[in-house]
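Student: Here are the chains, one letter per residue:
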Amino acid sequence: MASHLPPGSSAQSHQLETAGTVSDTHYAGPKGLMRWLLTTNHKEIGTLYLLFSLSMFFIGGLFAMVVRAELFQPGLQLIQPEFFNQMTTMHGLIMVFGAVMPAFVGLANWMIPLQIGAPDMALPRLNNFSFWLLPVAFTMLLATLFMPGGAPNFGWTFYAPLSTTYAPPSTTFFIFSLHMAGISSILGAINIIATILNLRTPGMRMMDMPLFVWTWLITAFLLIAVMPVLAGVITMMLLDIHFGTSFFNAAGGGDPVLFQHLFWFFGHPEVYIMILPAFGIVSVILPTFARKPLFGYASMVYATAAIAILSFLVWAHHMFVVGLPLAAELFFMYSTMLISVPTGVKVFNWITTLFRGSLTFEPPMLFALAFVVLFTIGGFSGLMLAISPADFQYHDTYFVVAHFHYVLVPGAVFAIMAAVYYWLPKWTGHYPHLRLSQWHFWLSVIGVNLTFFPMHFAGLAGMPRRIPDYALQFADFNMVTSIGGFLFGLSQLLFVLVVVLCIRGGNKAPAKAWEGAEDLEWTVASPAPLHTFETPPDFTPHRH
Amino acid sequence: MSGGSYYVPASSKWPILACIGLGAMMLGTGLVLVYGRAGMPVMLVGLAGIVLVMALWFRDVVLESRQGLYDNQMDRSFRWGMGWFIFSEVMFFAAFFGTLFYVRTFALPWLDGEGAKGVAALLWPDFNASWPLLEPPGDNVQGPSATLSPWHLPLVNTLILVGSSITLTVAHEGLKEGHRRVVRHWLGLTVLLGICFIAIQGVEYREAYLHYGITLQAGIYGATFFLLTGFHGAHVIIGSVILMVMLVRVYRGHFAPDNQFGFEAAAWYWHFVDVVWIGLFLFVYVF
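Chains as they are written, first to last, in the working numbering: chain A, 1 to 544; chain B, 1001 to 1287.
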């Protein structure tokens, strides 16, 4: 058993600049595929998460392209309504559970140990388990497309009784795949919390941690709090479908609205799970390229915590038109509007961080700046939707689709891309190709806004979401949206190209790849050797 | 904080095997539910696989612990891990308790026409809300004929489970003081009480199905009853298995007064199961 100890803590991290093959020289474990199947290394697992997420991003994106192709013109051209519903459902499920969440977990795996000076995640074998559950879960989910009756077709929110009484047989497999994804998330979150609370290098207090670590700590708490509720509600669906229970069936004394309450008690914190780590990333990147400390570090931490706590008290704003009592309409309206206060604190802090900084516009900075602007647009449309009487008009229109895509695509996804551009030099030892990165950025920004901005107008004019055909007056908006969607989708191929080129070569990056970068990950070589911080590094808190 | 010797295990085959096992079990269960018995072998192989892998994986952890590879920092990681795992279980049950409260407080009165929710009342104008709900709104749902008295078997089970938490605490104190005999006896007693609880719960389920018409299909009362007590019962079974493993380890001379987190984690889990039961006793049976 003693031979299970990690390869010697000596030598390997001292040959800094000639890094190239450092990571492999001391590796003596299984080779080839087995290395990846059995790995307990946080960097390898982080890479696996990121690659998995990228492939899911393209599969989910492909489904979105099918949707946009059908909606290019009014009338039914390409696919049948049944298949259209499967596409919107699978697009949402894959993007939420398969692309965005695993991407953030991958970044956490790679960067949290490096940012806090830890040798690895706290529970490395559990970490492997958390990752490999995902391919199993999503293979099962994608397999539903080929089952009799087709894939789930009730929207990613899978409201009962559409997802119970009237659901296709494949729903059972959808439930089990979600169970596995949920187990993966919970165990991953436990690992992240244990790592952050227990493995910080001596001298690093909680209020010294980089914001990315802070936001992930709070996100992990949210995951552990709400993923079990999702597990509970899908278990109740399973019982309703196969065992004759009446949870969501009024004839037996249950209530379909109960499903919505349970789902959104999970679902609302879930949207913060997908955005808090993005806040952390942006809060790390902006100071680096503004060459100034983050403005209001402490208020950033408190604002993140406030958003997390409030996220448990706002769920029914997704259900304003379901027939809530007046008191509930008012409570959930005001509690939702309250979230704009800590969110506003964050946006103002980012802007103030930039104020009088010596800004440069490297690719990570471009994406981070676009995040600040475009996420804020999504935040404002969220505030509009929070106003209950107004929501009666907006509900289930494309205005809602515009809103959550603004916070998720130029919000969460742009932050992930910013993080990838920011940390690629640390991962590969090379800078990403500058010109291609810039092309990728500008095409993405243009594509995203072409896609989602017209949706606001279509929605305000009354176009309902989740329909394969629409009235003629929405034709122009939809055509622009579709063109923007294709543009955005295609430009992501450029992203893959940049990443592949960066892995294969490019300008060599030093340990500290960005001039203004301050955190601990920039003290190890680029690329980071397989094992880092086997003895805890010295840490002196820098001013915030 | 970090002592510079944090144990990072080398590559391990257990996690990937556990994924395959769990995947097979989930796939098999889905096949059984949707397409019938043909999926049974897949499900059983998956189940056996996951149980076996868990046993071997935990065995490795125990061996590593016995070899002194874990320091205090590792111990803290395990503590945080177990603590947050139990929190996730709390939230799992919170969803089910929330269901119970929502149905009793809102859904049924609204179906009866209370408040501004008159529309729901139009569906079944003759429906009268009550709890326990013996007559569900729809004609096609047969409600229970009566409900179980909390003051017979459920009370006995409450005493058993609360008692088992006390006996377990005695055993744990004995372990911390180094009195091995105390540990063996009181831990053994705890396991016995756990088994008694499960047996009595089995008797009660039989009564519920045969004599009271409380079934999964008996409307929302039966559904919430079995959801809450069923998942709780499953947790008692798992907890009992964990305690049995601890008993075996105690007999083999494992644990020391200052190195006993495995035992302590099992105790945490057992106390959690106990607290859930008190919630169940109050809100499922008594009120």
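The hints are simulated quantities; they were obtained by calculation from the structure and are not laboratory data.
Incorrect hints may have been included.
What the hints assert, rightly or not - In silico DMTMM-like links for lysine to aspartate or glutamate, alpha-carbon gap of 25 angstroms or less:
#1 B:1013 / B:1064
#2 A:512 / A:208
#3 B:1013 / B:1135
#4 A:512 / A:534
#5 B:1013 / A:208
#6 A:31 / B:1060
Every value quoted in this text rests on a predicted model; they were computed, and no experiment measured them.
Student: Against this structure, judge whether each hint is valid.
Tutor: Right, here's what the structure says about each hint:
Between residue 1013 (chain B) and residue 1064 (chain B), the direct Cα distance comes to roughly 16 angstroms. Compliance with the 25 angstroms bound is thereby established for this hinted pair. For the hint pairing residue 512 (chain A) with residue 208 (chain A), the CA-to-CA distance comes to about 19 angstroms; that is within 25 angstroms, so the pair holds. For the proposed pair residue 1013 (chain B) and residue 1135 (chain B), the alpha carbon gap of about 53 angstroms is over 25 angstroms, so the pair is violated. Restraint check for residue 512 (chain A) and residue 534 (chain A): the C-alpha separation of about 20 angstroms stays at or below 25 angstroms, so the hint holds.
Using a Cα cut-off of 25 angstroms, the hinted pair residue 1013 (chain B) and residue 208 (chain A) is violated, with the two alpha carbons roughly 37 angstroms apart. With a C-alpha separation of about 22 angstroms, the suggested pairing of residue 31 (chain A) with residue 1060 (chain B) holds against the 25 angstroms cut-off.
Figure legend: structure checked against the earlier numbered hints; hints not met, in rising order: 3, 5.
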